[in-house]
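Trainee: Could you build all of it, start to finish, from the sequences and the hints given here?
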Amino acid sequence: MNSKALLSAVLIALVAAGGGYLYARRTVIATATAPVESTASALSSARGKGGGATPGSLPEAGQAGGHVWVVKPEESIQAVVEKAQPGDTIQVLPGTYHQTVYIDKDNIALVGVIHGSDWPTFDGEGKRNDAVLYSGNGVRVENLHIVNYKGNAIMGQAGNNFVIRHNRISNSGVYGIFPEFAQNGLIEYNELVGIEDAAIYVGMCDNIEVAHNEVHGNVAGIEIENSRHAIVENNTAYDNAGGILTFITPGLPIKTTFDVVIRNNFVVGNNHKNFGAPGSIVSGVPSGTGIIVMAADDVIIENNFIRDNKNAGIIVADHKSFANITPDPEADPNPDRVSVLWNLFDNNGTDPIKEVRALMAANLTREGPDLVTVGGGTGSCLGAPGTLKSLNVGSWGTCARKSSADIGSYLLDQPAPARPITAADRGKLIYSSVCAGCHAYNVRMVGPPTQIIQALYAGNPQGIADYIANPTKKREDFPPMPKQDHLSPELRLAVAQYLLTVNSKPPATAPAAAPSASR
Amino acid sequence: MNRTIVLLAALVGTTAASVAGPVAPIALSRGCPASFALEQGRCRLHTPYQDYASLAGAGVGGLKAGLPAFRDGFTPAQIDLGRYLFFDPVLSATGQVACASCHRPGHGFADPRALSVGVGGHEVRRNAPSLWNVGFLQKLFWDGRAHSLEEQVQGPLYGEREMGTTPGKLEAALNAVAAYRDLFSQAFPGTQSIQSTQVYTALAAFESTLVSLNSRYDLYAHGVHDALTTPEIEGLNVFRSFVARCGECHTPPLFTNQQIAVIGMPEPRGHALDPGAGAVTGIPGLRGGFRVPSLRNVALSAPYGHAGQFATLRETVGFYTGGRGHAVPKGEHLQLHWHIWEPHLSAAELDRLVDFLATLTDQTFLPATPTAVPSGLPPAT
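If you're matching them up, the sequences are chains A and B in order. Residues in the first sequence are numbered consecutively from 0, following numbering that gives the first Met the number 0. Residues in the second sequence are numbered consecutively from 0, following numbering that gives the first Met the number 0.
Any given hint could be a false lead.
Stated by the list, open to error - Straight line, CA to CA, 30 angstroms or less: simulated DSSO-like cross-link-like pairs of lysine-lysine:
hint	chain 1	residue 1	chain 2	residue 2
1	A	K319	A	K272
2	A	K126	A	K82
3	A	K254	A	K319
4	A	K309	A	K353
5	A	K388	A	K401
6	B	K168	A	K319
7	B	K138	A	K319
8	B	K138	A	K254
Unchecked claim - Listed next, the stretches of chain A that the computed footprint assigns to chain B, with coverage defined by at least 3 CB atoms under 8 angstroms from CB atoms of chain B:
hint	region
9	180-186
10	434-440
Don't read these hints as lab results, they were simulated from the structure. The C-beta atom is built at its ideal place from N, Cα and C for all residues, glycine as well.
Mentor: So, in structure tokens, the structure goes:
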């Protein structure tokens with residue numbers, strides 16, 4: 000087959016219909032037979048005119064110039080992660096891996112190598128918890144085929160500036176892709192199927208882009224929860240119980256969701272049976288719902304193709320109206336300022352749930368809704384009132400905003416800081432928080448007094464900095480000092496310099512809380 | 000050895016509280032406890048976690064995530080005075096129960112008895128929770144009903160079955176001790192007569208210094224990856240995986256997200272369901288809900304649960320894989336938290352979780368227990 004011709008044809012279809020990029024993606028990748036460090040450029044070329052380059056704040060191949068490690072099946076990926084340094088790329092060759100990989104360091108790329116149709120497959124065999132866990136910043140995960148894990152396929156905790164791209168994930172637990180507590184991240188060109196909660200779940204994050212993904216056969220397709228500044232665009236969500244959700248879920252420590260844009264998505268035929276775990280919030284999602292806004296504020300829904308969702312095209316609900324919700328007095332239960340602009344609706348609400356039917360009866364209509372609201376909330380509006388079957392939107396006005404075109408991206412221009420320097424004097428910070436636990440100025444605690452160290456190292460802070468990186472036992476009557484090599488050389492020198500300036504004048508006397516023999 | 004304590008021990012000796020005689024001046028510490036630095040006369044916390052970002056300022060995240068807001072800014076004298084008060088049973092109606100009687104320093108500042116015991120040997124309905132890192136908490140008590148340390152200390156002080164005193168009795172008892180009149184005038188210059196509010200401030204000051212952020216886990220979080228053993232890292236991965244979901248509520252760096260959760264733990268045999276936050280808030284859906292406790296120093300603070308229902312950590316982690324709602328009393332319909340589910344953890348995974356939890360132990364800044372307290376009563380230990 001002439002793949003170039005097919006690609007052109009697909010691109011024409013893409014322009015014509017605003018979709019089809021998944022075909023384009025597969026075609027492009029299928030032609031790649033050499034190892035690649037990232038699919039970013041290949042995918043960008045398939046995007047056509049609408050696509051843009053990844054912002055410079057996110058980690059891409061070639062930016063760091065680090066070492067490239069190559070892992071084969073039967074080898075331990077984790078062993079390589081442990082050897083890798085920030086900036087390195089770990090390439091995973093095609094084959095099957097029964098592993099869990101955790102990345103607790105910064106700027107590591109974990110990238111599958113695809114030869115023709117051969118992918119690296121992570122198989123959890125129904126017994127491993129997660130395929131990839133990361134807590135480092137600047138982590139990139141690409142080109143992995145992940146199946147049969149119990150928890151998540153890819154889960155991040157507080158890793159900022161991440162990229163999760165072009166992974167195929169099926170039957171892998173509760174969430175497929177789940178970044179949590181993160182700022183600035185891109186989730187694109189992934190395919191997820193058979194996930195028992197949200198396939199792509201953005202939880203308690205800021206500045207996120209979810210684009211060009213295909214999610215189907217899950218309980219929920221894409222969920223933006225307790226997060227701010229998120230764009231969900233150009234995705235295809237079909238055959239889930241619910242297509243795209245944006246929630247404030249009560250009982251979580253970060254209690255707002257606002258500035259969410261849901262645009263240019265296909266949200267089609269989300270009529271799958273809800274197979275969510277009993278008691279989970281997502282198990283309360285009524286099957287047949289295209290988009291659900293629960294308690295989230297400042298949401299824009301624009302230019303989506305919302306079709307064949309048998310319950311309703313869009314539900315906008317408060318906490319009270321939603322099943323399985325644990326109350327939270329500290330969270331605002333109402334969705335405010337939701338803008339439903341122009342969207343293409345067709346054949347939604349053909350078989351609504353009984354609560355929606357009751358609203359239909361109360362409003363003397365037999366037509367199932369493209370848009371239905373239940374519960375409280377203020378300031379919401381319709382952009383094109385004549386283009387949809389709406390139910391119970393009496394309090395909604397007409398939107399002043401005509402489009403979301405002014406909102407290009409919520410991704411950051413500069414990386415979210417991993418470590419903001421909050422202390423004016425970092426040497427003092429480390430001395431007070433670490434050293435002072437064992438060294439008092441002029442009395443014996445766990446280690447020798449600071450005064451004695453000052454006498455030994457007068458004018459020689461580098462000597463202290465070197466010693467604390469790799470201490471040797473010097474005194475019979477004191478326990479050995481633990482290594483402080485987690486501090487950078489600069490920090491070690493800074494703390495050494497500060498230590499030499501600590502003086503005996505009050506109030507730097509022995510702390511009252513010094514451990515004593517009497518405890 | 001701390002010279003203040005030596006001096007005090009010599010001065011107070013075995014004098015009975017009610018007849019505490021004239022005592023020579025005692026000097027409270029002029030320096031801050033370890034991990035605090037004196038800035039404009041106030042003690043300010045210093046920790047490497049202050050170098051990390053915290054999304055939305057909530058103090059929850061992964062390894063390198065910042066802390067939530069913290070109570071500090073007390074003076075060295077207030078902190079040191081609070082330490083004496085904390086151990087002194089003169090605060091209770093009977094002169095037999097101190098804060099430290101239930102919040103025992105040697106047991107993670109928690110109570111080794113399943114149900115804590117107050118004046119007259121009265122059992123209370125809950126287990127005194129750990130005080131480590133309590134200065135970071137926005138909700139106090141198991142049911143989250145207090146929102147400041149000063150508000151919290153009044154609960155046990157005036158609880159009939161706890162310390163059983165009243166503001167009037169408390170002030171009278173302290174004003175009768177010459178050493179306390181002197182110490183309060185050092186900590187609160189200009190004091191003529193000791194006020195109960197000063198007691199709250201001093202106890203809050205002391206409690207805020209119970210900081211534990213230098214465990215082996217913390218070393219790992221800061222980037223020392225050989226600080227944990229392989230089984231401990233396996234436990235960390237179970238802990239943060241979405242199968243066990245421990246980290247979803249016991250979220251680093253404090254290992255609590257400070258929310259109320261209804262999880263359906265069993266009650267001690269013969270006890271009715273404790274409504275917890277449901278009774279405090281009046282919200283039916285929070286019936287049986289409790290504050291998510293921090294897991295810092297959890298290996299020291301057995302037994303576990305709001306009523307000390309579980310003797311060991313192994314039993315406690317086992318609860319979470321026993322089946323959603325398996326311990327909810329018949330006839331109760333609790334709105335259980337969505338993270339309580341059926342994770343089917345293996346015995347080995349539960350063992351690894353216990354291994355990991357022990358890496359959160361850090362008592363580097365354990366304050367000294369006074370060998371004697373100003374009242375002359377035997378200090379609690």
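Trainee: Indicate, hint by hint, whether the structure satisfies it.
Mentor: Hints and how they fare:
1. Taking the CA atoms of A:K319 and A:K272, the gap is about 23 angstroms. The hint holds against a cut of 30 angstroms.
2. With a C-alpha separation of about 27 angstroms, the suggested pair A:K126 and A:K82 falls inside the 30 angstroms cut-off, and the hint holds.
3. The hinted pair formed by A:K254 and A:K319 meets the criterion: a straight-line CA distance of about 16 angstroms does not exceed 30 angstroms.
4. With a C-alpha separation of about 12 angstroms, the suggested pair A:K309 and A:K353 falls inside the 30 angstroms cut-off, and the hint holds.
5. Restraint check for A:K388 and A:K401: satisfied, since their Cα atoms lie roughly 19 angstroms apart, inside the 30 angstroms limit.
6. Proposed proximity of B:K168 and A:K319 is contradicted: the alpha carbons are some 47 angstroms apart, above 30 angstroms.
7. About 25 angstroms separates the Cα atoms of B:K138 and A:K319, which keeps this hinted pair within 30 angstroms; it holds.
8. With a CA separation close to 16 angstroms, the supplied pair B:K138 and A:K254 stays within the 30 angstroms bound.
9. Here's how the region 180-186 of chain A fares: 3 of its residues keep a CB closer than 8 angstroms to some CB of chain B, so the rule of at least three is met and the hint holds.
10. Proximity of the region 434-440 of chain A to chain B, defined as three or more residues with a beta carbon under 8 angstroms from a beta carbon of that chain, is established by the 4 residues found.
When held up to the earlier numbered hints, the structure conflicts with hint 6 and nothing else.
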